[in-house]
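Which chain is which? The protein sequence lines are A and B, in order.
Read in my numbering, the first sequence has 7 at position 7, and its numbers run on one by one without any break.
Read in my numbering, the second sequence has 112 at position 112, and its numbers run on one by one without any break.
Be careful, since some hints might not be right.
Claimed, not checked - Computed spacing ranges between beta-carbons, pair by pair:
no. : chain 1 : residue 1 : chain 2 : residue 2 : range
1   : B       : 148       : A       : 14        : 57 to 67 Å
2   : A       : 59        : B       : 150       : 40 to 50 Å
3   : B       : 88        : A       : 14        : 57 to 67 Å
4   : A       : 54        : B       : 70        : 38 to 48 Å
5   : B       : 275       : A       : 28        : 40 to 50 Å
6   : A       : 14        : B       : 149       : 22 to 32 Å
7   : A       : 59        : B       : 108       : 25 to 35 Å
8   : A       : 20        : B       : 237       : 50 to 60 Å
9   : B       : 5         : A       : 59        : 26 to 36 Å
As the list claims (entries may be wrong) - Derived, one-sided and incomplete: chain B residues facing chain A with beta-carbon distance under 8 Å:
no. : residue
10  : 59
11  : 129
12  : 138
13  : 139
14  : 155
15  : 156
16  : 159
17  : 182
18  : 207
19  : 209
20  : 303
21  : 306
These aren't lab readings, by the way, just hints derived from the structure by calculation.
A virtual CB, placed ideally from N, CA and C, is assigned to each residue, including glycine.
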Amino acid sequence: MSDIKNQVRAYIADNFVMGSNAAKFADSDSFLDLHIIDSTGFLELITFLEEKFGIQVEDEEMIPENLDSLDNIEAYVSKKLVKV
Amino acid sequence: MKLTPSVLEIDCAAEVERITKRMIEIVAGEQRRRGVIIALSGGVDSSVSGALAVHAFGPKKVFGLMLPERDSKSSSKDLGQRVAEQFGIAHAVENIGPTLEAIGCYRWRDEAMRRVFPAYADDWKSKIAIAGGTEGRINFFKLIVQSPDGMVQEARLPIQEYLQIVAATNYKQRIRKTVEYFHADRLNYAVIGTPNRLEYDQGFFVKNGDGAADIKPIAHLYKTQVYALARHLGLPEEVCSAMPTTDTYSLQQGQDEFYFSLPYDKMDLALWAHNNGLPAAELASCLGIDQARAEFIYNDIESKRRATAYLHARPALIEPVSQVHA
């Protein structure tokens, strides 16, 4: 698993799941569909991504295709880091 | 089935009869209270709820409250008083501004706003606006401020500042409810909650604030239907034609801007269509929008239901206490 995925999975496990359902989500699973993260949670996740990886998440980039699974986040953050 | 605004038409006389009959059964028969408290904001929901209470119990068993603070419009209090006087109910005005000042509502809110706009001061105005959800994005909030010279600035709210501003302004609804329950206890009355169906379904209320009540007589009615009842009940024209606002922030702010993303009449149709299983294409055709946008609206409805489910929930117990039946 990539470093980005590891860090985001750990963040979600520590802050959202907190052991409640053992963090059994696959890299491709939708956080929304599994009810792991709600809209306020996504705002927290965005702050984490911005601080952890030094990126700026633009308003128009706040879409499920960029944020709603570990796979999507890895692809999105990797793309942003190339630009940075 | 074709979606048109006519799906929301109701028989107002029959609906008033049905609601008032149930109000009497609930308040007198189940809750054993002697009357009801209604906080009158001057808006259509509280005005209709107050008028229904008078139809149910008579004016002598209804007590009205106007609860203004620093950021509410003076016209809100005036209109609330007009409704109380029109229906002949005893009422009181209690300014909650000093209580909010003492508890830190404005200080906590402004401190968070200054972290986003450092020049923000007491003579500036502000509001929060929602964005994203109905365009298929994640919902987020913008802070909009206006300096005394009229210059308007806006910025996306980081999560900590957003939560602090909302937590601080939630004091307003919670202090109001505290005052309502003081009078309810004093008179042995029940407290009326005034959410319409959009607010109730989509979680647009403050837990233990305006969400707290003993009876919610219009929670099953779409906002369009509440307006129809307002006209039927003969409420003042300013009430019947007023656009829904939050009356919580110092800049003028519609409910659609703060929370729903759509004007109430369109939001009503979207919620009705979704509740009745109509495909997004039918909503798109009715509202004159493309199908993708209609699907985003449906998704946004579900997303808000999920996010606010805990607002409706009773305190959770580790195990049931079988002797208690509430």
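Hints versus structure:
Checking the proposed 57 to 67 Å range against residue 148 of chain B and residue 14 of chain A shows it is violated: the Cβ atoms sit about 44 Å from each other. At about 25 Å, the CB distance of residue 59 of chain A to residue 150 of chain B disagrees with the hint of 40 to 50 Å. Checked against the given bound of 57 to 67 Å, the beta carbons of residue 88 of chain B and residue 14 of chain A, roughly 59 Å apart, stay inside it. Taken as a hint, the range 38 to 48 Å holds for the pair residue 54 of chain A and residue 70 of chain B, whose Cβ atoms sit roughly 40 Å apart.
Roughly 31 Å separates the CB atoms of residue 275 of chain B and residue 28 of chain A, a value that falls outside the hinted 40 to 50 Å. Under the hint 22 to 32 Å, the C-beta atoms of residue 14 of chain A and residue 149 of chain B, about 46 Å apart, miss the expected range. Judged by the Cβ atoms, the range 25 to 35 Å given for residue 59 of chain A and residue 108 of chain B holds: they are separated by roughly 26 Å. Between residue 20 of chain A and residue 237 of chain B, the C-beta spacing of about 52 Å keeps the proposed range 50 to 60 Å intact.
Between residue 5 of chain B and residue 59 of chain A the beta carbon distance is about 33 Å. The supplied range of 26 to 36 Å therefore holds. Here the hint on residue 59 of chain B is broken, as its CB sits about 43 Å from the closest CB of chain A, past 8 Å. A least Cβ separation of about 12 Å between residue 129 of chain B and chain A goes past the 8 Å threshold, and the interface hint is therefore violated. Interface restraint check: residue 138 of chain B against chain A, minimum CB-CB distance 4 Å, threshold 8 Å, status holds.
The restraint placing residue 139 of chain B at the interface with chain A holds, with a minimum CB-CB distance near 4 Å, inside the 8 Å limit. The interface hint given for residue 155 of chain B is violated, since its Cβ lies 11 Å from the closest Cβ of chain A, which is over the 8 Å cut-off. This hint holds: residue 156 of chain B has a C-beta 6 Å from the nearest C-beta of chain A, less than the 8 Å allowed. Hint status for residue 159 of chain B: holds, given a least beta-carbon distance of 4 Å to chain A, under 8 Å.
At a threshold of 8 Å, the smallest CB-CB gap from residue 182 of chain B to chain A is about 32 Å, leaving the interface hint violated. A distance limit of 8 Å between C-beta atoms decides the matter here; for residue 207 of chain B the minimum to chain A is near 14 Å, and the interface restraint is violated. Restraint check, residue 209 of chain B versus chain A: the minimum CB separation of about 17 Å is more than 8 Å; hint violated. A least Cβ separation of about 6 Å between residue 303 of chain B and chain A falls short of the 8 Å threshold, and the interface hint therefore holds.
The closest approach between the C-beta of residue 306 of chain B and any C-beta of chain A is roughly 6 Å, which is under the 8 Å cut-off, so the hint is satisfied.
In summary, the structure is inconsistent with hints 1, 2, 5, 6, 10, 11, 14, 17, 18, 19 from the numbered list given earlier, while agreeing with the others.
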